[in-house]
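Number of protein chains: 2
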Amino acid sequence: MTDTLRISGALSPVVTPFRADLSPDADRFVRQCRWLLSQDVGLAVFGTNSEANSLSVDEKVELLDRLVGSGLDPARMMPGTGHCALPDSVRLTAHAVKLGCAGVLMLPPFYYKGVPDEGLFRSFAEVIERVGDARLRVYLYHIPPVAQVPITLGLVERLLKAYPQQTAGMKDSGGDWRNTQAFLDAFGRDGFQVFPGAETFLLQGMRHGAAGCISATANVNPAAIARLHATWQGADADRQQARLDEIRAIFAKFPMIPALKAAIAHWSGDPGWATVRPPLVALAREQAGALVAQLEQAKFTMPGLRH
Amino acid sequence: MTDTLRISGALSPVVTPFRADLSPDADRFVRQCRWLLSQDVGLAVFGTNSEANSLSVDEKVELLDRLVGSGLDPARMMPGTGHCALPDSVRLTAHAVKLGCAGVLMLPPFYYKGVPDEGLFRSFAEVIERVGDARLRVYLYHIPPVAQVPITLGLVERLLKAYPQQTAGMKDSGGDWRNTQAFLDAFGRDGFQVFPGAETFLLQGMRHGAAGCISATANVNPAAIARLHATWQGADADRQQARLDEIRAIFAKFPMIPALKAAIAHWSGDPGWATVRPPLVALAREQAGALVAQLEQAKFTMPGLRH
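As you go down the protein sequences, you meet chains F and D in turn.
Start counting the first sequence at 0; every next residue gets the next number (numbering that gives the first Met the number 0).
Start counting the second sequence at 0; every next residue gets the next number (numbering that gives the first Met the number 0).
Calculated directly from the structure, the hints in this document are not laboratory data.
Heads up, a few of these hints could be off.
A few chain F positions that, by computed beta-carbon distances, are all more than 10 Å from chain D [stated by the list, open to error]:
id, residue
1, 144
2, 178
3, 186
4, 222
Computed list of lysine to any residue pairs in SDA-like fashion (alpha-carbon distance at most 25 Å, straight line) [what the hints assert, rightly or not]:
id, chain 1, residue 1, chain 2, residue 2
5, D, 97, D, 134
6, D, 112, F, 283
7, D, 252, D, 234
8, F, 112, D, 251
9, F, 252, D, 75
10, F, 112, D, 160
11, F, 252, D, 116
12, D, 112, F, 249
13, D, 160, D, 199
Predicted, not measured: the structure shown is a model, and the values here were computed from it.
Cβ coordinates follow ideal geometry from the N, Cα and C atoms, glycine included.
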C-alpha cells in the first residue's frame, strides 16, 4: 500500500508574505521556500500557519504556480487544499496533483460543526473521485482546536478501505500524544503516515513510527528540526529534542503566526515580513522586541535567512 | 443615520437546491425565492441554512445573478457575503451592491479562533473600504455556535463610529435573548437594526425594537412568521407566537438543514429538494417520514409551494 517514495521528514506550514496592500508577495514566498528547502525542510504551504484560509483559491493557485515555475521541487510539497466548499477543495487539489505535488494536506469542511463522519467521508470521497487522479495522496488534517471538526479513527478506517492508494496519512495537530499514538497503532502498519503537528512530539513520534512532523516553528527553526528527524536514533536525540522544545516554548508565549513573521522580519532584515492579513494582527513593537530578546538570550539564530 | 427604506421583516436564509451531481440548481432556486417573496418573506440567501459555505464564490455570484436577472427585487435581498478570505468577501459583497441588494449579511472570518476584536474590525473595515460604495449596508452575523467567532458590543461600537452609514445592523443567532437585548439597548436608538436569528424571539424582539427576524424555518413556515411580524401589536400576537414555536420545535428535533429540505421535498412534490452537499447528510427515509408525520399531526402545510 505504501509508495516507494512518499514525502516525509520535517515540513513547514510556510508563512505567507504580504505586501503593504495585503496582496500575497510571490517573490518573497519563493525565496522563503527556497531557503526552507536548503535547510532540509519540506513545504506544507497553505497550512494554518500560512493564513491559507485567509487566501482565495485564485491566490493559492498563483502562489503554487510560482513555486513550481521557479524550479522548486513539487515532490517536496504538500499544499493545504481543504476548504469549506467542495468545488474549492476539488480545484486546488486537482491543480496540486497536476503540478506533481507529493501530496495534499486536507482540512475537513470546517464551517458546520457536529457533522456526522458519514458527511465527512462523503466530502473527502467527492474530492478524491472528482480529482480522479491515481497520483493523488491525501493527508487528513486533524486540528480540532481551530477547525473544531475532528478526523476520527472510524473516518480514516473507511477512507483507507475505499481509497487505499489515496489515503496516505494525516497531520495530528490536536496536541494530544495519545491520539497520535492511537492512529499510529491502528494504521501505521498499513503505511498510513502520521505527522505530529509540532516538533514537540518529533522524537516520541519517530520512536513510534511517525513520518516526521509538520510544525509552525519549522518556519523559523528548520535545520534543527530536520536534524533531529535525520538523527533521531543518535545518542544526543533527547538533548536535541530539549533544545527544540526550548525554542518552541518561547514562540508559544506569543500569538504564533504573528510571532513567526516577526522573527522572520527580524532575522531576514525585511520588516515587511511582519504583515498579516486580518483577522490576525501583527505583534506590537514591544511584543516583537520581547520575542527577539528572549530568542537572542536563548542563542537562537536563523542562519542563511538574510537573502 | 437610518436610511428611509431599510430592509426589515421576516427573512429566510434560503436553502440552496442541488442537482443529483451536487451542482446548484438555479431554476429551482429562483422558483423557491419567488414563492418566499409571495409569502412576504425577504431573501437572506447564502446564510448558514443555505449551505453557503459549501458553495464557491463563483457559484454564489451565478445564483445571485440568476435571481436578479429573473426579475426578483434586490431590495428584498440580504445575501450572505462573509468568507474566511478577504478577497472572497470583497468580491461577493461588491457584486451584491452592484446588483442593488438591500444589504449583505456578513460572517466574520471564521477559521481562526480567539482572534482579537482589532483583527475583526480590520476585516470588516477592509471589506467596506475595498468595496467603496456608499450604498453598502452591512449586517454583522453573530452565530457563535457555528462560526465560533463572536460579534461583540465593542466591535459594533467601533464599526458604527468608523462607518456609520455602512454598519446597518446584525443578525443574532446566539440563541440568548439577553445578548440580543444588549445590542438593541446599546445601538437600537442609532438605527442599528437587530434581527434575532429565529422566530422564537420574534414577538419579544418586536416589543423591544427588533427589525424582524432571519430564521431557518422562514424557509418552510414563511407566511405565518411574516404575519406575526406585520401584526405583532395585535391581540392574538402571543397566540401566533405559540403556534410558530410549536412548528419550530418539530423541526428542531432533526438536523435543521436536512429537515428543511425534506419538508420542502415533501410539500413541493419534488424529491430532488432533499439533496444536501457534504459534509451534511440528508435525512434518512424514516427520519423524513417522522418529520412529515409530526408536521401533519400539527396541521402544518406549505400553501402554494407546489410549483
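Hint check:
1. 144: violated (7 Å)
2. 178: holds (19 Å)
3. 186: holds (22 Å)
4. 222: holds (28 Å)
5. 97/D to 134/D: holds (9 Å)
6. 112/D to 283/F: Holds, at roughly 20 Å.
7. 252/D to 234/D: Not OK: residue 252/D and residue 234/D at ~30 Å, beyond 25 Å, violated.
8. 112/F to 251/D: holds (16 Å)
9. 252/F to 75/D: violated (48 Å)
10. 112/F to 160/D: violated (33 Å)
11. 252/F to 116/D: holds (20 Å)
12. 112/D to 249/F: The given pair, whose Cα atoms are some 21 Å apart, holds under the 25 Å limit.
13. 160/D to 199/D: violated (31 Å)
Hints 1, 7, 9, 10 and 13, counting from the list given before, are not met by this structure.
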